[in-house]
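> Given chain G, put chain C in place with the hints provided.
Protein sequence lines correspond, in order, to chains G and C.
Going left to right, the first sequence walks through residues 3 to 114 as this note's numbering numbers them.
Going left to right, the second sequence walks through residues 18 to 131 as this note's numbering numbers them.
To be clear, the hints were calculated from the coordinates, so they are not data collected in a lab.
Ideal placement from N, C-alpha and C gives every residue a C-beta, glycine not left out.
Incorrect hints may appear among the rest.
As the list claims (entries may be wrong) - Computed spacing ranges between beta-carbons, pair by pair:
| no. | chain 1 | residue 1 | chain 2 | residue 2 | range |
| --- | --- | --- | --- | --- | --- |
| 1 | G | E56 | C | N85 | 17 to 25 angstroms |
| 2 | G | I14 | C | L68 | 20 to 28 angstroms |
| 3 | C | L73 | G | P64 | 21 to 29 angstroms |
| 4 | C | A34 | G | P64 | 31 to 39 angstroms |
| 5 | C | F31 | G | S67 | 45 to 53 angstroms |
Claimed, not checked - Derived list of chain G stretches under chain C, where covered just means 3 residues or more per stretch with a C-beta under 8 angstroms from a C-beta of chain C:
| no. | segment |
| --- | --- |
| 6 | 50-60 |
| 7 | 103-113 |
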Amino acid sequence: ETGVTQSPTHLIKTRGQQVTLRCSSQSGHNTVSWYQQALGQGPQFIFQYYREEENGRGNFPPRFSGLQFPNYSSELNVNALELDDSALYLCASSLEGTGEAFFGQGTRLTVV
Amino acid sequence: AQSVTQLDSQVPVFEEAPVELRCNYSSSVSVYLFWYVQYPNQGLQLLLKYLSGSTLVKGINGFEAEFNKSQTSFHLRKPSVHISDTAEYFCAVSGRSGTYKYIFGTGTRLKVLA
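The following block holds chain G by itself, in its conformation from the complex (with noise of 0.2 angstroms):
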């Protein structure tokens, strides 16, 4: 079975621009959850998609929107880049019902 892949590992964006980061969930789970970890800290719950269809939301600006896939597979966007959105950006991915997560090895985003 294959696990969580994110891409790109790095990028370098200017402030006011747009991202896209990308995740292939692993095998059989329906549902990917995005994380936000600044540096230093713990990782901070973005949204999570379960079906397609946003399934809970953490304190984000709406500049942060995702997509799910029917293969399952997801996007995070991010609008109107600021310096503060520097940080690593983590995706989980798990079947529903289990309360177990996997997660990929994350995006590592700066923005000058």
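Frame of chain G, contents of chain C only:
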């Protein structure tokens, strides 16, 4: 709503000594509990989890944790640490239904000294 407190931001310990990393949580509902390890510039690796059953949970790399419902704690222990255990450790909690979003603590940096 849930919250997690990791009481120690850094824990230095000599190689082959025992270690305990503390985690307390707060929740109005029943929870699942997890410990993850993060090596520099990497994602999160699951060490162990408590979903149900025995309150003593054994994980990978010789780690174990005990769920104490009355004290709302889930402390992580290892009887003898190695240099390779140097990393950041995160405790996390999620509710047993609904979104299953994880609430993480702020992390404990374990530094194993030679």
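> When the hints from earlier in the document are held up against this structure, which numbers fail?
1, 2, 3, 4
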